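**Q** Chains as they are written, first to last, in full-length UniProt numbering: chain A, 1 to 291; chain B, 1 to 804.
These are calculated hints, taken from the structure and not from any lab test. Here the structure is a predicted model, which means the values were calculated and not measured. Treat the hints loosely; a few may be bogus.
[Unchecked claim] Chain A regions said to be covered by chain B (calculated; three or more residues, Cβ under 8 Å):
no., region
1, 1 to 15
2, 126 to 138
3, 185 to 197
4, 250 to 261
Note that the Cβ used here is the ideal one computed from N, Cα and C, for glycine as well.
Below are the chains, spelled out letter by letter.
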Amino acid sequence: MKPAPFRYADPRSLDEALDVLSAEAGAKVLAGGQSLLPLLAMRLAAPSTLVDLNRVPGLDAVEATGDGVRVGALVRHAHLLRDTAAARVQPLLARATANVAHPAIRNRGTTVGSIAHADPSGEMTSVLALTDGSVTVATPGGRETVGWRDLFVGPLETSLSGPSVVVDAFFPALAERSGTAFAEISRRKGDYAVCGAGVVVTLDGDRRVAAVRASYISVGLVPEVHDLTEAVAGKPVDGADWAAAGALARTLVDPDGDIHASADYRRLLVGVLTERTLAEAAAEALERTAA
Amino acid sequence: MTTKLFGEPVRRREDARLITGKGRYLDDIGANALAAAFVRSPHAHARITGIDAEAALDVEGLVAIYTYEDLTGPMAEPLPVLIPHPQLHAPRTGYPLANGVVHHVGEPVVMVVATDRYVAEDAAERIVVTYEELPVVVGVDAAREARAAVHDDVPDNVAARHHQETGDVEAALAAAPHTLSFTQYIERSACMPLEGKGVHARWDADDASLRVYSSTQASTSVRAAIAAKLELSLDRVEVIAPDVGGGFGVKIVHPWPEELLVPMAAIRLGREVKWAEDRREHFIGSAHERQQRQEITVGYDDDGRVTALDVHVWHDNGAYTPYGIIVPIVTATQLVGPYALPVYRVVVESVYTNTVIVTPYRGAGRPQGCYAMERTMDRIADALGLDRAEVRRRNLITPDQFPYDHRLTFQDGRPVIYDSGDYPGLLDKLVALVGWDEAEALRADARARGKLLGVGMALYVEGTGPGPYEGGHVQVLGSGKVLVSTGLTSQGQGHETVFAQIVASELGVPIDDVEVHTGDTRRFAYAVGTFASRAAVMSGNAVALAARGVREKAIRIAAEVLEANPEDLEIDEGLVQVKGTPGASIPLRTVAVLSNPLRYAFDEAAKQATQFARAGSDDKPPVAPGDAPGLEHRDYYSPIRSTFASGAHAAVVEIDPQTWEIDVVRYAVVHDCGNVVNPMIVEGQVHGGVAQGVGGALYERMAYDGDGQLQNASFMDFLMPYASEVPDIVIDHQETPSPLNPLGIKGAGEAGVIPGTAAIASAIEDATGRRITSMPISPTELYDLMRDETAERTAASERTGAPA
């Protein structure tokens with residue numbers, strides 16, 4: 001369990017980082033290392049060079065504005081979890097981040113790194129999808145914005161190719177009259193979720209359900225957003241049949257089984273978590289509508 | 001005992017060292033040693049058709065590559081069958097490096113030695129081994145069906161057929177008012193010490209001697225094995241167990257291939273060589289335990305009293321049987337627990353599979369036996385509509401029945417005769433401690449919160465402290481320091497503290513003057529090892545006897561100096577004194593100086609022992625016939641048979657009927673290990689055992705696929721419980737001293753793990769009303785069980801409210 005030989009670069013600027021990445025096709029970006037380093041140790045990955053971003057200035061900020069929250073590539077999960085301004089603009093961020101592994105991992109692991117790793121068991125890939133977010137990708141040719149739908153291609157696979165660095169992720173603000181909730185079930189506290197659910201409920205001016213969206217973790221190969229509105233549309237919050245939304249969700253997902261959970265069990269949990277999180281999110285939406 | 005330390009919760013003296021990074025573990029030794037890495041089989045069963053190391057030769061820093069072809073003499077022969085047994089009719093062991101055929105994924109095929117571990121792994125990665133795959137046998141049922149054979153010459157896969165019976169079970173079953181039969185399964189888990197195995201070897205060519213450090217539970221026996229396999233005289237080999245980061249059984253097995261190959265390489269290369277096992281290697285290259293299929297038939301009367309028990313176990317022993325049939329024997333004999341069974345028959349068929357070997361893991365066959373017996377009690381209660389505690393009570397051996405002879409033969413070859421105990425006392429305490437009779441109120445409260453609640457219990461009796469012997473050496477130095485040594489090894493249990501408590505109490509010295517050494521063949525060459533909850537019983541009594549010998553000699557010498565009657569002397573706080581006569585005393589350290597008549601004074605204290613220092617008797621030699629210089633004594637404790645500890649556990653579980661998550665919300669333990677040397681350490685042992693019990697019941701399993709690939713060979717997917725999964729544990733004690741040993745103690749190391757699976761299975765069954773026949777159980781499996789129309793319902797299903 002020792003990595004194969006690799007070179008190590010610790011650039012002091014983004015340009016320098018891109019230079020190394022351009023020079024070597026086998027180079028890989030290192031941020032928090034919480035996923036990458038175990039892969040190296042097990043020799044499941046053998047990059048020729050690790051390009052360590054940690055000394056590149058300007059990548060460690062969380063910027064919360066009325067439009068949304070921009071999270072820099074070196075922002076640790078623990079930082080985002082504590083950022084109250086970000087939580088006000090988009091409450092899903094803190095809610096989901098609290099479910100990321102254990103404190104020691106949250107202290108080193110980065111939110112953007114987790115997204116670039118594109119693990120369908122990761123919380124933040126799903127949150128990027130649910131909030132209809134995007135990432136900013138720096139390449140030698142300049143910067144471009146890539147929306148979540150275009151980013152995630154498969155498990156541990158993004159559409160990014162060639163020399164590129166994901167420099168930030170942008171999570172749009174929670175819409176008016178909306179509430180969110182996030183919950184997951186794992187075998188042990190802090191493990192990857194057997195199944196997780198993030199939901200957004202939006203009400204209309206009459207406090208009736210206008211829109212319901214959900215995204216699941218460890219269900220499917222890439223993050224997806226499911227529209228569950230039809231199950232509860234137009235219902236008053238008190239009278240909405242959240243179980244019907246859960247039942248609908250179960251028909252929309254296509255989970256796989258593994259040694260920890262069968263596909264059927266994951267589908268069961270999708271229903272249960274949907275029902276539970278929607279009730280919670282609706283209550284929050286009502287509160288925010290009243291305020 | 002004037003210095004009262006025996007029985008006190010003395011704080012663990014090793015902790016400051018171990019938890020501040022000052023421990024000296026295997027990998028802390030030999031920073032500049034060459035490193036070994038292994039090419040291991042990726043196939044569960046295959047014939048090796050070629051090994052091409054050409055591409056590895058270019059790796060800078062490569063030092064040596066060894067395959068089976070490089071092994072000579074005894075090294076080229078199979079590894080030893082450590083514990084032969086007449087019923088182990090087809091023992092098979094591997095070779096240090098695979099000889100032609102591999103029988104499980106992870107078996108070592110090639111050893112690479114290089115300047116460091118990184119380079120060794122780089123070279124290992126380039127070695128190409130080609131294989132012809134052979135049919136694979138995984139799991140006890142496949143082994144039993146024997147459509148394929150693990151070893152060509154054992155076509156039915158049966159290594160051993162262990163059989164014991166105490167009467168005519170057929171007749172007793174035929175005469176029984178009721179009988180019931182069932183089959184159940186229990187899965188594999190593993191010890192998983194935080195520190196894996198590891199070996200460091202240094203050959204001193206000038207001295208022609210070998211020093212080996214090994215993260216082992218049996219340094220004296222590793223020494224003997226190395227000497228035999230490498231054809232060295234025993235006096236040229238020393239083996240030391242440094243600080244060891246947990247063992248739990250896996251490190252009692254020896255010699256591991258690496259324990260022979262690393263010293264072999266050190267000798268051949270004339271360089272220090274080290275190998276530290278990594279986690280993946282530990283999963284696929286060490287040992288597991290616990291998979292069994294149990295077929296049980298029980299006869300019982302209207303009151304629920306067992307009249308006959310017939311058990312047929314199929315035990316998965318993995319690819320080889322280096323540790324003999326100890327685990328099957330322990331299951332067979334410890335299954336009977338605290339119960340009086342008029343007639344009992346057990347057959348354990350130990351079968352080969354193409355998986356990692358099965359050797360003792362804390363509990364060592366007892367959790368399986370407890371699971372068989374206790375689930376039988378649950379079934380009888382369910383069939384008769386009786387309370388589960390009451391059925392157990394009616395079957396218990398009563399305190400007036402000791403010594404109780406089960407007419408069985410234990411793992412030490414001695415009869416299973418329970419020496420002492422109070423099992424009704426355990427049960428009464430448990431019922432009170434867990435609130436067994438208030439279960440309905442707990443259930444109602446849980447139901448109001450949308451949860452299903454169940455309670456379960458399990459009792460066990462554990463044979464501890466088997467022989468053949470352990471020894472102890474106690475020596476008082478002229479400085480007053482007391483050196484204690486015993487040959488068995490420590491893996492963090494607290495031996496330094498416990499043995500120091502015993503010696504300080506026996507000798508009458510401050511505990512801070514006592515220094516304890518374990519597992520070092522230079523200090524103590526005769527020992528058996530640390531396993532079977534035997535350290536306190538065996539070495540505890542041995543060091544006590546050695547301390548008593550020192551005390552006797554000290555009093556004899558002091559009596560001469562003080563011109564007092566030995567009977568009038570006592571030792572307290574390191575001072576030998578005449579009882580009731582203040583001032584008439586001599587420090588023990590001075591006695592130590594005087595015990596060794598000297599010609600040369602090397603320091604101030606030594607002057608007292610030189611020839612002109614004091615008047616001696618002209619007609620006696622300075623060292624009397626039969627006496628020896630020095631204030632020291634060596635003694636051994638060898639028991640006539642094992643001593644039997646006991647206990648009772650109860651679990652309260654809550655289950656979410658939507659997600660089928662299982663939460664142990666209360667866990668109660670009543671524990672009896674005879675006289676307790678250190679209650680804090682005993683409780684710590686119980687806590688650790690319960691954690692492993694919960695792991696075995698709800699989280700851990702070895703997820704082999706049909707090809708014999710272990711799907712969860714990492715801590716990401718092998719789910720040991722975190723602190724967050726271990727319930728709060730409440731403990732009550734009972735002390736029934738053992739009449740078999742001087743200190744009246746029984747072993748405590750393994751107890752905590754034994755009843756976990758049985759008690760938790762019972763609680764889940766109680767909560768859900770579904771028969772639990774396979775453990776461990778996870779939420780996804782419980783979900784499958786709950787929606788299985790054909791799943792057996794228990795009487796409890798009528799009130800659980802669980803979906804039909």
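**Q** All hints are to be evaluated individually against the structure, with a verdict given for each.
**A** Outcome of the hint check:
With 5 residues having a Cβ less than 8 Å from any Cβ of chain B, the region 1 to 15 of chain A passes the three-residue criterion, so the hint holds. Requiring three or more residues with a Cβ within less than 8 Å of a Cβ of chain B, the coverage given for the region 126 to 138 of chain A is violated, as only 0 such residues are present. Check on the region 185 to 197 of chain A: 8 of its residues sit with their Cβ under 8 Å from a Cβ of chain B, so the three-residue criterion for coverage holds. By the rule of at least three residues with a Cβ nearer than 8 Å to a Cβ of chain B, the coverage given for the region 250 to 261 of chain A holds, with 3 such residues.
In this structure, the one hint that does not hold is number 2.
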